[in-house]
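Can you make the complete structure from the sequences, with help from the hints?
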Amino acid sequence: MRHVPAIVIAALIAFGGAGAASAGQAAPPGPSGCDPPPTASNEAPRAQLPGRGTFRASSGRVGLVLRDVTQATRATITARLLDGRRVGGIDHGRYTCTRPARREYVAFGADRRLVARELGRDGGRVRLRVTLQMTNANGLPATVRRVVVVTRHP
Numbered sequence: 004m005r006h007v008p009a010i011v012i013a014a015l016i017a018f019g020g021a022g023a024a025s026a027g028q029a030a031p032p033g034p035s036g037c038d039p040p041p042t043a044s045n046e047a048p049r050a051q052l053p054g055r056g057t058f059r060a061s062s063g064r065v066g067l068v069l070r071d072v073t074q075a076t077r078a079t080i081t082a083r084l085l086d087g088r089r090v091g092g093i094d095h096g097r098y099t100c101t102r103p104a105r106r107e108y109v110a111f112g113a114d115r116r117l118v119a120r121e122l123g124r125d126g127g128r129v130r131l132r133v134t135l136q137m138t139n140a141n142g143l144p145a146t147v148r149r150v151v152v153v154t155r156h157p
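In terms of our numbering, the sequence shown opens at residue 4 and continues consecutively.
What the hints contain is simulated information worked out from the structure, not anything from laboratory work.
Since we're looking at a predicted model, the values are computed, not measured.
Note that CB positions come from ideal geometry on N, CA and C, so glycine has one too.
Check the hints yourself; a few may be wrong.
[Said to hold, decoys possible] DEER-style ranges, computed between Cβ atoms:
no., residue 1, residue 2, range
1, D38, G66, 19 to 29 Å
2, R149, R59, 12 to 22 Å
3, R124, A43, 40 to 50 Å
4, S44, P157, 33 to 43 Å
5, G126, G96, 29 to 39 Å
6, D38, G123, 37 to 47 Å
7, E46, L117, 35 to 45 Å
8, R130, G36, 24 to 34 Å
9, D71, V150, 17 to 27 Å
10, V150, S62, 20 to 30 Å
11, Y108, R148, 18 to 28 Å
12, R70, P39, 14 to 24 Å
13, R97, G123, 28 to 38 Å
14, D125, S61, 13 to 23 Å
Put into structure tokens, the structure is as follows:
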């Protein structure tokens, strides 16, 4: 079967025409480096972003605890201030891995100067618009967005 965009496959699955499409999509899109490898599923992955996160100035990383992750996935994370300035993330050809779990810790690199300056302005808190994009082995994507309040790690 030739390459079929993920949206077409998802539509076929949703409307019952998945017989022909699902046979060609079972193989993962390539080695992921994730352990466990991404889940082969005809359902999109799900997870919840937390309302709070922590910033470690020593490493320049923001840590989040995802909740109710349903599948192992390759995931990218993008974080921006509410005014749109990019703070950091894991993207531009890189990704992190998620595992199915009630609580899954992920961290991403952030611009230390920008986050420290914003933490100083707002009483030790900064609000980030975080986007988590997950993809399972079948190529089904899921995007979760939330404003996360980040504080400095003690």
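List of violated hint numbers, smallest to largest
Checked against the structure, no hint fails, so every one of them is satisfied.
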